[in-house]
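*Asks:* Each chain is listed here by its residues.
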Amino acid sequence: MQLIPCPWCGPREEAEFHYGGQAHVAYPEDPSALSDEEWAQYVFFRENPSGPFAERWSHSAGCRRWFNAVRDTRTHDLIAVYRAGEPMPEVIS
Amino acid sequence: MTVSPLFAWTDRLAALPVNASERPFLSQLTVRASDPAAIAAMGAVLGVGFPAVPCTFTAGSGEFGDVEVLWLGPDEFLVVAAPDLQIPIEEALRGALGSARGSVVDTSAQRTTVVLEGPHVRDVLAHGCSVDLHPSAAPAGTCVQTLLARTGVILLVTGADSVTLLVRSSVAEYLAAWLSDACVEYQT
Amino acid sequence: MNFRKPTGGAIDRNTVLRFTFNGQLLTGHPGDTLASALLANGVHEVGSSVKLGRPRGIVAAGSEDPTSLVQIETPYSEPMLLATTVELFDGLEARGLAGQGRLSPEPDPARYDAKHEHCDVLVVGAGPAGLVAALTAARSGARVVLVDEQNQAGGALLGVDEYLDDRPSAEWVADIVAELKTTPGVLVLERTTAFGMYQDGFVLALQKRTDHLGFAAPASVARQRVWRIRTKQTVLATGAHERPVVFANNDRPGIMLASSARTFLHRYGVLPGSRAVVFTTNDSAYCAAIDLAESGVDIPLIVDARPEAPARLATECAARGIEVRAGHVVTGTEGSSRVTDVHVAPLGDGHPDTVVCDTLLVSGGWNPVVSLFSQARGKLRYDSSLGAFVPGEELASVRVAGSATGELDLNACARQGRDAGAAAVVAAGFTPGGQVPLPVSDSRCTQRTGLVLWRVPGDEDASFVDLQRDATVTDVLRATGAGLRSLEHIKRYTTIGTAHDQGKTSGMIAAGIVAEALGVELADQRPTTFRPPYTSVSFAALAGRDRGELHDPVRVTAIHRWHVAHGALFENVAQWKRPWYYPRDGEDLHAAVLRECRATRESVGMMDGSTLGKIDVQGRDAGKFLDMLYTNMMSTLKVGRIRYGVMCGVDGMVIDDGTVIRVGEERFLVTTTTGNAAKILDWMEEWLQTEWPHLDVHCTSVTEHWATIPLVGPKSRDVLAAVAPSLDVSNEAFEFMTWHDTRVAGVPARVCRISFSGELAYEINVTAWHGLAVWEALMEAGSPYGITPYGTETMHVLRAEKGYPIIGQETDATVTPQDLGMSWAVSKKKPDFIGKRSFSRAENLRTDRKQLVGLLPVDPNVLLPEGSQIVETDRLPEPPVRMLGHVTSSYPSAALGRTFALALVRSGHERVGETLYVPVEDALVPVTVTESVLYDKEGARRDG
Ligand SMILES: [Zn+2]
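Chains as they are written, first to last, in this note's numbering: chain A, -19 to 73; chain B, 9 to 196; chain C, 142 to 1085.
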């Protein structure tokens, strides 16, 4: 059972969290201006890197805050967590 | 006539080695606010400052008697007071919130409250709670939202050997059944 | 015959325990394992092998044993336990297994539980290294947990009669344990196996708490407990397992690891046999041979594969009349249920010699127990002098000490323990306290290295690598011959290491044989991944108390007790118990539902709708926010009014529906389906927190604050009027899709005029505390009209007759509002809302999408099974058959006087009037496609 450090509550067991997929995928400013392909990119396509990956987590059984985490997909190690709205910190893979 | 979620459990809870008892019908208001002035104003009308530190609660006394304010999130609090005060407290909080961003919602019947006391409290809870409740890690004043057994709770450490649980009304009987089972080994 | 020594061993000879093995009544003593008691009675053959049915005995003294699988019959039935790890108790009944056991059909009456424990330093293993590590940590004031799988501390010391600091080692162990147990903040757990090590210092350990008590086990105590330990630092002092050597017919009962025989001797006072040959590649077996010889076992020969025997030990052997033959190996054995002869030959070639014996003791060196270290992602390194994988790196929070590192000298092991304990407490933020003195041992057999020998050439079909899996050298060579090179692949091909013992004695040898066969260096081979659990863990232990009524939280409404008292049967909806129907005497589901439907449509019915999700949405931007979430316009809703809405994902697929009540200018109350309440609140928070934090909106769940009672049917107005005297219930004053705050049965209530049945209906909301009282008041007020409580099944029928979909039943995340015929609920005016852009994707515009329609079986008595497929022709063509869709809901209808169904059908909206076919068992049932609304199409009943 991995510990995930909620930026508000501190480390808690991963069972308290929900995964929210890739971070920093903004809802398009004007969806109607997008081609079908561009819209499909937003709806269906996500990165799947081997290495550090910025993703969203929600502390659903705790403070219910969404936050971002950089996770190394090779080890599951959480390299950094940061609050929603904050920029992704520099990480060394 | 009012019925609390654990009314049928009173005797069974009292017989547990953690001296469990329901505190039914407490006034509970969920407050969302992040403006420091508004938060200070709301604390002022209750006579108790809102908790500034995550995962803690504050307690005090004022116009509405004894009041506890629980930190639930960076802009979310639960105000807990004696029964039948939810309407005046809601009005007072709305007044204090003023035009600041936020909300006040009466959630009094959303959860019920179970008080546990005695030397076995931490042991019993450790059967289902992954948060470290050792006094060095969770001193009195701690307020965590976490999982106990297979359901969510708000857990307040109120003293050396006393813990208060707030649990959603629909799962209160499940939690009571779980507590009873977890207590079996501590029964003398 | 009795193989118990008259003295010695940590057993209580004054107490006799009776037990039954394979129907035979035998005796043993407290302190015995089932294995030691069997050996004391001369029983070596325990069971037979899984594939070949060959007799199998007891190879080791502990959890590494590959063969002694038994089934416990009483006091509880449990399969696949090792005789070497079952503590003996009076009345035990067991039998040997032919490789596998059987689960009991009886419910397991025992209790199981779990407990979380947090510590600064966890020490795994209470041998010399672990004890010193734990005491070093404890003296620093850290929170320390020490776990050990044995019933007493001591580790390898339990199996020898050596002295530490000139006194019996047991005294040294007892002193340390006593100090640990009296140090505050230290938890010592015996009979506790750390079986899994995970990220962030998370270790799972299984404690067997009452198994050893047998019939005396108190029913109130959890039989086994899974400790969920979260530690900052870990010291692994997990020891080492002796490794056998593979040779022809190496699997006969009576063939045992040399150190295990020594353990049986010293710990249990049991001799392995009368005449034992010893086959070794290293020094340690000499101590076993000498100890056994001194206890009266005839040791005719030590076969040492090394070219030179160790001089000092050989001299000691000579003094005891033990012949030592260096440069020799065991090439095979004879015997059926027990070894009777051993073939000995020079290593390489030469004529074999046969020696008569009843026991063959084997030592091929030592495998450090690196399972947990490897699970903690520690890299392993091949130590060629040891012939084993050892910890190959330092980890930040996991240290290894003692023979788990490959070190075999006791003093050095204890020093490693002390160093590891001190480093761990420093890393955890403490200062080491008083230094623990290191003991000095009088052991003579601590030479670390020997000859690395995996196997002796011979009959490869009978040279067993994994005794439990009946996997032989032939199997390994077949794998390498087939081109497999990776140990992981070979493990799966041969199944070596996949049995209960997880290859504790076989894995390293298999790797060695593979390397030899491939002509590669083991140092270049990657060992197979060690995975939890280290030893077998029962599902019951893993489930803990999460079974029976505590298996999953049961959620109940404030009115639940009434439903139970009135005979409701319940349906599980998410975690909720919802009344399904209320059968009266002799009624089955269909009869009860037809009655409930008829009563509701003809007079008045009511149900408990409290499980509906309810979310309070407040703030200046609440309307704007809901406009983005719902497909239709919510911001234009007037205070006092209600609107039905549909929510979609960004892909345009329906995720939920419900009503939206405008409570105030800046306040709404939205409802969700029962199963989606938490999901939709999360969905709202996700958008608010991650996309639109600038919006002034806050959402709060009030699901359980309110009890919700739909009051339904043409007489509902009269019933409401009776309980809400201050409310003007007239159609003009209380319009459809409006709400009023009032008092119902004397308590504050919000009454909404909404309908999910097409009938005149009200939804009464009161705080949950008042739910039961208001329900009872409604029952009483409705009794003149025969008010009928109904459950989810009737609710489903009533709404299906009106063609209202249920999210999750008619939809499955591939269905759009348009597919449901709900284009009317999709705003054309709003510039954007979630899902809108997807509606114009080519895929969404296809005319052959599956669309919601009604189906009327041509035979009005035929009930289509839900989930049935739908085809186009009255005869099935050759496969593949084109499926047009499936039946989503199907019921008999009192109102329609016939059966009907809802279905998702390709181009369904264009097919109204067509005849399609539904395969039901062997027949193709003809059905007519209709619009989804089947009852009261003009909506005449809505106003009563
Ligand atoms: Zn949190």
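If you are wondering where the hints come from, they were derived from the structure by calculation, not from laboratory data. Just so you know, not all the hints are guaranteed correct.
[Said to hold, decoys possible] With a straight-line cut-off of 25 Å between C-alpha atoms, the simulated SDA-like cross-links for lysine to any residue are:
no., chain 1, residue 1, chain 2, residue 2
1, C, 373, A, -6
2, C, 971, A, 24
3, C, 820, C, 855
4, C, 820, A, 2
5, C, 373, A, -18
6, C, 820, B, 158
7, C, 970, A, -6
8, C, 256, B, 168
9, C, 718, B, 185
10, C, 969, A, 18
11, C, 322, B, 168
[To be verified] Rough simulated footprint, nothing fancy, chain C against chain B, three-plus residues with beta-carbon under 8 Å:
no., stretch
12, 33 to 47
13, 57 to 67
14, 150 to 157
15, 161 to 169
C-beta atoms are modelled at their ideal positions from N, C-alpha and C, and glycine is treated no differently.
*Asks:* Hint by hint, say whether it matches the structure.
*Replies:* How the hints compare with the structure:
no. : hint          : result
1   : C/373 - A/-6  : holds, 17 Å
2   : C/971 - A/24  : holds, 24 Å
3   : C/820 - C/855 : violated, 35 Å
4   : C/820 - A/2   : holds, 19 Å
5   : C/373 - A/-18 : holds, 13 Å
6   : C/820 - B/158 : holds, 17 Å
7   : C/970 - A/-6  : violated, 43 Å
8   : C/256 - B/168 : holds, 20 Å
9   : C/718 - B/185 : holds, 16 Å
10  : C/969 - A/18  : holds, 22 Å
11  : C/322 - B/168 : holds, 23 Å
12  : 33 to 47      : holds (count 3)
13  : 57 to 67      : violated (count 0)
14  : 150 to 157    : violated (count 1)
15  : 161 to 169    : violated (count 0)
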